[in-house]
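Undergrad: If you want the building blocks of each chain, they are given just below.
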Amino acid sequence: DTAVSQTPKYLVTQMGNDKSIKCEQNLGHDTMYWYKQDSKKFLKIMFSYNNKELIINETVPNRFSPKSPDKAHLNLHINSLELGDSAVYFCASAKAGNYEQYFGPGTRLTVT
Amino acid sequence: AQSVSQHNHHVILSEAASLELGCNYSYGGTVNLFWYVQYPGQHLQLLLKYFSGDPLVKGIKGFEAEFIKSKFSFNLRKPSVQWSDTAEYFCAFSNTGNQFYFGTGTSLTVIP
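Chains H and X are the protein sequences, given in the same order.
Take the first sequence: its position 9, counted from the start at 1, is 9 in this note's numbering, and no numbers get skipped.
Take the second sequence: its position 55, counted from the start at 1, is 55 in this note's numbering, and no numbers get skipped.
To be clear, the hints were calculated from the coordinates, so they are not data collected in a lab.
In this text, a Cβ means the ideal position worked out from N, Cα and C, and glycines have one as well.
Some hints here could point you the wrong way.
Stated by the list, open to error - List of simulated lysine-lysine pairs, BS3-like, C-alpha gap at most 25 Å:
#	chain 1	residue 1	chain 2	residue 2
1	X	K71	H	K22
2	X	K71	X	K58
3	H	K44	X	K49
To be verified - Residues of chain H placed beyond 12 Å of chain X at every Cβ, according to the derived structure:
#	residue
4	V4
5	M15
6	Q37
7	I45
8	E53
9	S65
10	K67
11	D70
12	N75
13	N79
14	G84
15	V88
16	N98
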């Protein structure tokens, strides 16, 4: 059973398009996250979210928006994709904000 | 500012060599500490964690880390590395404010 799943695994799209990446966790965790990992493997937190609070990294462009239909899902929607958005995006979840995070398999986004 | 420093960006070792990866964090309060590993093409997996108690913690695959509070350090060690340990290693901490911080990662290459 996959604890944290993401779809799609690969996403190739053109500049200017709008796309979404889905994330689901079946661990019963309260907090979910989105990270962007660039080609140098640097992990940048984009959002953290629990059922009470959304925390946005202020450096994330507002073209990126998280959407949480319920506690087990945190989807990432990206408007007007740019070349620089190409990266691997990881979803993660944790029991609470200071506990270990469990990561999804990642979505490799390529913008052409 | 709160942050994690990993001093070794890229480490190359021969099989059976001993490993120590440095990690220092910047935060004055209580922390939980983590090491994650990312094998090529895969997602991050938890290697080990420290919440409280014995500052020497043992993780999976023969890894261990020692929390030295006075030095704000949490170095990762393994007495004898294997080729399969080739991966990216990330140190991280969380604080009582439920904030999570990752280091920039250390790339380990083990030569057979």
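Undergrad: So which of those numbered hints doesn't the model satisfy?
TA: Structure breaks hints 1, 4, 6, 7, 8, 15, 16.
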